[in-house]
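A.B. asks: Use the sequences and the hints to build the structure in full.
There are 2 protein chains.
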Amino acid sequence: MSDVKGYAATSELSGLAPFSFQRRTPRADDVSIDILYCGVCHTDIHFAENDWGRTNYPVVPGHEIIGRVTAVGNDVNQFTVGELVGVGCMVDSCRSCPSCEQGLEQYCREGMTPTYNGEDRIDRLRTYGGYSERIVVSERFVVRVPDKLDPAAAAPILCAGITTYSPLKHFGVGKGHKVGVLGMGGLGHMGVKFARALGAEVTIFTRSEAKVAEAKKQGADHVIISTDPEQMAAATESFDFLLDTIPVHHDLNPYLSTLKVNGSHILVGMIEPIEPTVHSRNLIGKRRILTGSLIGGMPETQEVLDFCAEHDISCDIEMLDIHNINEAYERMKKGDVKYRFVIDMKSLKSA
Amino acid sequence: MSDVKGYAATSELSGLAPFSFQRRTPRADDVSIDILYCGVCHTDIHFAENDWGRTNYPVVPGHEIIGRVTAVGNDVNQFTVGELVGVGCMVDSCRSCPSCEQGLEQYCREGMTPTYNGEDRIDRLRTYGGYSERIVVSERFVVRVPDKLDPAAAAPILCAGITTYSPLKHFGVGKGHKVGVLGMGGLGHMGVKFARALGAEVTIFTRSEAKVAEAKKQGADHVIISTDPEQMAAATESFDFLLDTIPVHHDLNPYLSTLKVNGSHILVGMIEPIEPTVHSRNLIGKRRILTGSLIGGMPETQEVLDFCAEHDISCDIEMLDIHNINEAYERMKKGDVKYRFVIDMKSLKSA
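These protein sequence lines map, in sequence, to chains C and G.
In terms of the UniProt record's numbering, the first sequence is residues 1 to 351.
In terms of the UniProt record's numbering, the second sequence is residues 1 to 351.
Simulated from the structure, these hints should not be mistaken for lab results.
Ideal Cβ placement from N, Cα and C applies to all residues, glycine included.
Among the hints, a few may not be true.
FRET-style restraints, in silico, Cβ to Cβ [claimed, not checked]: (1) L125(G) to H46(C): 58 to 68 Å; (2) H170(G) to R68(C): 42 to 52 Å; (3) Q231(G) to R331(C): 42 to 52 Å; (4) E110(G) to K175(C): 25 to 35 Å; (5) G73(G) to T236(C): 26 to 36 Å; (6) T236(C) to H311(G): 31 to 41 Å.
From the derived model, a few chain C residues whose C-beta atoms are all more than 12 Å from chain G [claimed, not checked]: (7) D3; (8) K5; (9) E12; (10) N56; (11) L84; (12) D120; (13) R140; (14) P146; (15) E209; (16) H222; (17) P229; (18) D321; (19) Y329; (20) M332.
Covered stretches of chain G, going by a simulated chain C footprint (3 or more residues, C-beta under 8 Å) [unchecked claim]: (21) 276 to 285; (22) 288 to 297.
C.D. replies: And the structure:
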């Protein structure tokens, strides 16, 4: 074990503060990583503030990690010292259930081990995330960052990116499809980039006229003001897919109506504890699909990084020093970030 | 036009009673049919009693019609006089929208013309259903009844049959799949037969121990008592498909949990006006699909009749005289029919 500096929330604190903890002694299949950048996901706030009632304090958030390999165990054969690598939302899974065998570790029957606020499957120690100097992760859960990508802007691909890329690929979005994207945040803006790169025609739904220019800047071919009944009616039965990144409760029925026969409404934002209510006629009457998707498996996480390099896609980011993290959380709660904060981990050394 | 005897509900009556009305003069593409049998669908009750608030009285219910061709128009080339034919839930559609062009007339963008309580697209006259002596239908909406089928037992295939067959085929149910069927009524028992014929292993979910023997008799490989938390927990992530025929509000979440990763919960019973509430985590967490399906298109309605002939499948029916229809409705409301009433239309002549 070795001492590591990080930023954590504790139950006594309202916010994140410097925190020293131990990383495990690397095992034979482990990759030791010096963290360079870590994206700030809305989930980090939920855990820091215990919104879901399952935070084990102290918690070191962060699951959009980019770093450099400093050591590898004897059994590691995919990575070498000095390589630029990434770690996303998971650091382990059972590895033997049908989902794991298909490389869909995020749907592991036993539940995957999250990068933070989880429990290591071997030593039962708590997992700590990427707001820290270093991390030690089993090689199966490490991905290679292509040279072409800007390392900082690549960080959010590990969560915001894979979360939107995976369902678009799985459900077969491609040329000739019309895709609607709901929500204009970190996930939504990545969804627009991926859907366009896959050949689809993309519409952003937004609640206000004031955001139309921004939506166009994000690359949308069209914009629909979702609060305008006329625009919504005109969109009836016009979309093949809806990628729904809205992370709070919203009525799905008006959006379902904009799907064609056999169209799919894909949720990627958990909207618990409030339950959406869905009119069954909106599904039955047009054989529509309501579904959801959770991040992506490890092979697909590597795929999305390679896809981003090939298509010159990166996340729009705002760089952040770690000592400004609490302020960043406050801004994120107001939606005041375009589109993802990324912590420059050099700032931790001077914090 | 010609006078026809039928049974109708009027706004003044609590129940169905003899009713004389006119059938349209056959057009060039029309098939005139003498009705031999008509199945009694739960939807008939909803319309007779205006449960959905959109009944135009008087209404002649019935959309599971088997009869013999008595005349054909000059443009009819699929049917000849004397043939045994069927008519299901639709008698017309726009015929030019993307759904109609794919033979998915049930999802017609303009809305299909229902066999009763609808309005003819040409003369704007009301459509009357199968509780009557005769019907006149455009040939596109008429299907051929294979010789091998018992005509009376074939009637419910036109609604209960196609409604369960279509989603099983569309979503790709086959060998190696585990299918759960919810609801043990007219639709449910047909769903079990089709799923088995398609090669799947079939489980019936029922609320009470008392129905286990009946479920086995229906052909289920397994039975799960849905009110037993232990049995439901043991079924976690075990099904590829759920065919949900329950026509009243029920909590979908416990059922969703029994679906594997990528599993599909298919609604075929409209459960309005009450809305189901679905936990988004039950979809997102395992990439599950909630969807629905409405009857089937005309090519598939012919296909299901041929499939039934090939696999020796028919509906379990109880024959009924038309003057007992009101009593039959009361029994259906109590679930007291195995599994479908079929009216012998000869009884109309003596009624």
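A.B. asks: Take the hints in turn and mark each one as holding or not.
C.D. replies: Results for each hint:
{"no.": "1", "hint": "L125(G) to H46(C): 58 to 68 Å", "result": "60 Å, holds"}
{"no.": "2", "hint": "H170(G) to R68(C): 42 to 52 Å", "result": "50 Å, holds"}
{"no.": "3", "hint": "Q231(G) to R331(C): 42 to 52 Å", "result": "49 Å, holds"}
{"no.": "4", "hint": "E110(G) to K175(C): 25 to 35 Å", "result": "28 Å, holds"}
{"no.": "5", "hint": "G73(G) to T236(C): 26 to 36 Å", "result": "35 Å, holds"}
{"no.": "6", "hint": "T236(C) to H311(G): 31 to 41 Å", "result": "39 Å, holds"}
{"no.": "7", "hint": "D3", "result": "35 Å, holds"}
{"no.": "8", "hint": "K5", "result": "34 Å, holds"}
{"no.": "9", "hint": "E12", "result": "30 Å, holds"}
{"no.": "10", "hint": "N56", "result": "20 Å, holds"}
{"no.": "11", "hint": "L84", "result": "30 Å, holds"}
{"no.": "12", "hint": "D120", "result": "22 Å, holds"}
{"no.": "13", "hint": "R140", "result": "19 Å, holds"}
{"no.": "14", "hint": "P146", "result": "27 Å, holds"}
{"no.": "15", "hint": "E209", "result": "29 Å, holds"}
{"no.": "16", "hint": "H222", "result": "20 Å, holds"}
{"no.": "17", "hint": "P229", "result": "20 Å, holds"}
{"no.": "18", "hint": "D321", "result": "33 Å, holds"}
{"no.": "19", "hint": "Y329", "result": "24 Å, holds"}
{"no.": "20", "hint": "M332", "result": "21 Å, holds"}
{"no.": "21", "hint": "276 to 285", "result": "holds (count 9)"}
{"no.": "22", "hint": "288 to 297", "result": "holds (count 7)"}
In the structure shown, no violation is registered for any of the earlier numbered hints.
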